[in-house]
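Q: Residue numbers (the numbering used here), protein chains in the order written: chain A, 351 to 613; chain B, 351 to 613; chain C, 351 to 613.
If you are wondering where the hints come from, they were derived from the structure by calculation, not from laboratory data.
Among the clues, some could well be false.
In this list, chains with the same sequence are indistinguishable; a pair is considered to hold if it fits within one copy or across any two.
[Stated by the list, open to error] Derived pair list, reagent style EDC-like, types lysine to aspartate or glutamate, alpha-carbon separation capped at 20 Å:
#1 K418 / E396
#2 K421 / E395
#3 K418 / D494
#4 K433 / E559
#5 K537 / E361
#6 K352 / E576
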Amino acid sequence: MKSIYLTKIREQNPLIHNITNIVAANFNANGLLALGASPMMSASEEEMVEMPNLSQALVINIGTLIGKEQKAMLLAGKTANAKGIPVVLDPVGVGATSYRRETVRQLLSEIKFALIRGNAGELATIAGETWQAKGVDAGQGDVDLKTVAQRVAKQYGCVVLISGAVDVISDGVQTATVHNGTPLFPKVTASGCLLSAVCGAFLAVDEGEHFAATLEACVAYTVAGELAAQGLTTQVGQFQIRLLDELAALSPEMIVQKGRINE
Amino acid sequence: MKSIYLTKIREQNPLIHNITNIVAANFNANGLLALGASPMMSASEEEMVEMPNLSQALVINIGTLIGKEQKAMLLAGKTANAKGIPVVLDPVGVGATSYRRETVRQLLSEIKFALIRGNAGELATIAGETWQAKGVDAGQGDVDLKTVAQRVAKQYGCVVLISGAVDVISDGVQTATVHNGTPLFPKVTASGCLLSAVCGAFLAVDEGEHFAATLEACVAYTVAGELAAQGLTTQVGQFQIRLLDELAALSPEMIVQKGRINE
Amino acid sequence: MKSIYLTKIREQNPLIHNITNIVAANFNANGLLALGASPMMSASEEEMVEMPNLSQALVINIGTLIGKEQKAMLLAGKTANAKGIPVVLDPVGVGATSYRRETVRQLLSEIKFALIRGNAGELATIAGETWQAKGVDAGQGDVDLKTVAQRVAKQYGCVVLISGAVDVISDGVQTATVHNGTPLFPKVTASGCLLSAVCGAFLAVDEGEHFAATLEACVAYTVAGELAAQGLTTQVGQFQIRLLDELAALSPEMIVQKGRINE
Numbered sequence: 351m352k353s354i355y356l357t358k359i360r361e362q363n364p365l366i367h368n369i370t371n372i373v374a375a376n377f378n379a380n381g382l383l384a385l386g387a388s389p390m391m392s393a394s395e396e397e398m399v400e401m402p403n404l405s406q407a408l409v410i411n412i413g414t415l416i417g418k419e420q421k422a423m424l425l426a427g428k429t430a431n432a433k434g435i436p437v438v439l440d441p442v443g444v445g446a447t448s449y450r451r452e453t454v455r456q457l458l459s460e461i462k463f464a465l466i467r468g469n470a471g472e473l474a475t476i477a478g479e480t481w482q483a484k485g486v487d488a489g490q491g492d493v494d495l496k497t498v499a500q501r502v503a504k505q506y507g508c509v510v511l512i513s514g515a516v517d518v519i520s521d522g523v524q525t526a527t528v529h530n531g532t533p534l535f536p537k538v539t540a541s542g543c544l545l546s547a548v549c550g551a552f553l554a555v556d557e558g559e560h561f562a563a564t565l566e567a568c569v570a571y572t573v574a575g576e577l578a579a580q581g582l583t584t585q586v587g588q589f590q591i592r593l594l595d596e597l598a599a600l601s602p603e604m605i606v607q608k609g610r611i612n613e
Numbered sequence: 351m352k353s354i355y356l357t358k359i360r361e362q363n364p365l366i367h368n369i370t371n372i373v374a375a376n377f378n379a380n381g382l383l384a385l386g387a388s389p390m391m392s393a394s395e396e397e398m399v400e401m402p403n404l405s406q407a408l409v410i411n412i413g414t415l416i417g418k419e420q421k422a423m424l425l426a427g428k429t430a431n432a433k434g435i436p437v438v439l440d441p442v443g444v445g446a447t448s449y450r451r452e453t454v455r456q457l458l459s460e461i462k463f464a465l466i467r468g469n470a471g472e473l474a475t476i477a478g479e480t481w482q483a484k485g486v487d488a489g490q491g492d493v494d495l496k497t498v499a500q501r502v503a504k505q506y507g508c509v510v511l512i513s514g515a516v517d518v519i520s521d522g523v524q525t526a527t528v529h530n531g532t533p534l535f536p537k538v539t540a541s542g543c544l545l546s547a548v549c550g551a552f553l554a555v556d557e558g559e560h561f562a563a564t565l566e567a568c569v570a571y572t573v574a575g576e577l578a579a580q581g582l583t584t585q586v587g588q589f590q591i592r593l594l595d596e597l598a599a600l601s602p603e604m605i606v607q608k609g610r611i612n613e
Numbered sequence: 351m352k353s354i355y356l357t358k359i360r361e362q363n364p365l366i367h368n369i370t371n372i373v374a375a376n377f378n379a380n381g382l383l384a385l386g387a388s389p390m391m392s393a394s395e396e397e398m399v400e401m402p403n404l405s406q407a408l409v410i411n412i413g414t415l416i417g418k419e420q421k422a423m424l425l426a427g428k429t430a431n432a433k434g435i436p437v438v439l440d441p442v443g444v445g446a447t448s449y450r451r452e453t454v455r456q457l458l459s460e461i462k463f464a465l466i467r468g469n470a471g472e473l474a475t476i477a478g479e480t481w482q483a484k485g486v487d488a489g490q491g492d493v494d495l496k497t498v499a500q501r502v503a504k505q506y507g508c509v510v511l512i513s514g515a516v517d518v519i520s521d522g523v524q525t526a527t528v529h530n531g532t533p534l535f536p537k538v539t540a541s542g543c544l545l546s547a548v549c550g551a552f553l554a555v556d557e558g559e560h561f562a563a564t565l566e567a568c569v570a571y572t573v574a575g576e577l578a579a580q581g582l583t584t585q586v587g588q589f590q591i592r593l594l595d596e597l598a599a600l601s602p603e604m605i606v607q608k609g610r611i612n613e
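The following block holds chain A by itself, in its conformation from the complex (with noise of 0.2 Å):
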């Protein structure tokens, strides 16, 4: 495991334009400057042709969508292609509603996307495989996850990522598996969005080497979550408030040595 980007996030601040939920909008914009990135949350569709050009990366996130975002979702989309920064999209809960698979399928069709990043739930029925989603959740079903991560990494040309208990990178040619981690990651409400915002950070920096540098963000994200949670059992109030102490606090050399990756 070698550690490239994140120095390169601390050396070049980049700014990253989330289109993002009311659940995430806080937790997301900490953790991002806490990582050492500088976060730029809009939805406002009057500004989404000038902000890609201000931004590094963009990251779309359906979390919570009350109507006006979807335009705006498009409009950067679209922009942010045409500049060339990468878009990463989360689509949060998009099994649960007929109204979210419509909105995902309209975003996958209209903005090429440089990373997809969800739970098995979500990828699964992007790849259109059966599962039993929960809401947002993961929910359970008996797919093969690394297949589900490659198929659909070819089908939309992107880096797909399936966070869960171990993480699943793919871009369609090259796999690879995260084994870091905690299980006090699902019981902190938008801590899969933040991570969808943080692969944004990498990508930004990584001059094309996306499957690398989602590597990176996952391995980064994932250690941080381990150290955060050393000593904790059931606190996922101060497992919250650690993890960004530890985004802030991360070296390479920790994702180095700490990683876990199976490629």
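Given chain A, work out where chains B and C should sit, using these hints.
A: Just chains B and C now, kept in the frame of chain A:
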């Protein structure tokens, strides 16, 4: 004091659909996760018919209405009624403006609620009593809260929970008071909203025993607050984090042992 | 350094109406509660005429405009002007896009503000100076901030607070600098927004002494930050929680003793 429903929440992990506000969204989702329930925060009109079919309870909170949520509330509420899942109303700051009063009047006339949870000022307003409300805070007045709770419960055929230093619960026939809690609760924003969401989780698993479930919810939440406040004086930040920790650590035994109720 | 207004806030518990964004809403409400004020977060156009009649100050924050808030801001601002309560403007990221510049231009032309609180980049933009802003962050430029503060204060007949490593406060005649603070402030999202809200609470009780009240607000907030940062290096999560604790624990004596100002 018995504890029946906390264990059921942990076993069944019910999906609680929250239509809530930008202040409470993150804290309430984390509180529900800590407790053992599964939060879904959505106010998209487009999915309000599907969402109640996936959920085991609906919590409607009028905290920061910006127009579109109102339609979503009515649609989700009616669908939840048709499906037969319990619906909780949190009439945040209903006494503050005529817009809030009219919103709550309409919700109460078109949706059948299982529970109305508010502070003294909010319930006094619904009961038509004179009360000096102060924004979203309780304010002050000189009415007998038991009488208010009973009257509102009878009028709307639901359980009423008036929270404050002493919490009053009534279904119009039975009335109980809960004497747990801490003065730090009103110093944390959305701590009332979270109580409403927690009640939603208890009602989701109660098989129609709404009075008993509300009573246990109220004791569970206020006991968690007491435990969180131990050793604290003015540390409102730490209290907020510890409250999440204690909701996660709470056991049926603690509810039985520490609950102080008068029935 | 004197402390006059903190005690008045605790005695009068003023209601502060905030039209704010999805990132800051929860943190600002908790910060105001910690300080001793009573927050009301609402952007519903339908109650913007009634709300200023209940409140002692209005804080307008343009952080995450999604269109409808703008009408609400104008309506609430004009009503607040008519009633005579102080109005604070936080022009978040005004330099970032033409939409934000136009929004702020309109607010400044139609509403009389008591205070404009922003970072160097935001105030330089309002002053018409060349400045390299970076999203919502301060960015960098080469202007004399005292001159900027004085000029904007004169132009709009209000107090200006430019926050940064050194905070500059001017009403066009008097100018002061505050030298308290911690490098952890810019690592916590919405910490600038919260300073604006805190200023709102001080102005709510100042009986027209806006310069003195802004000065005390700024010292109070930055001293609380210093105390919160004691013993911390990179722990941005803990800092955020401790800041709330310190705002609640803050005394007039600490303001007098620890305030470092140049007038």
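Q: Return the numbers of the hints above that this structure violates; sort them in rising order.
A: 3
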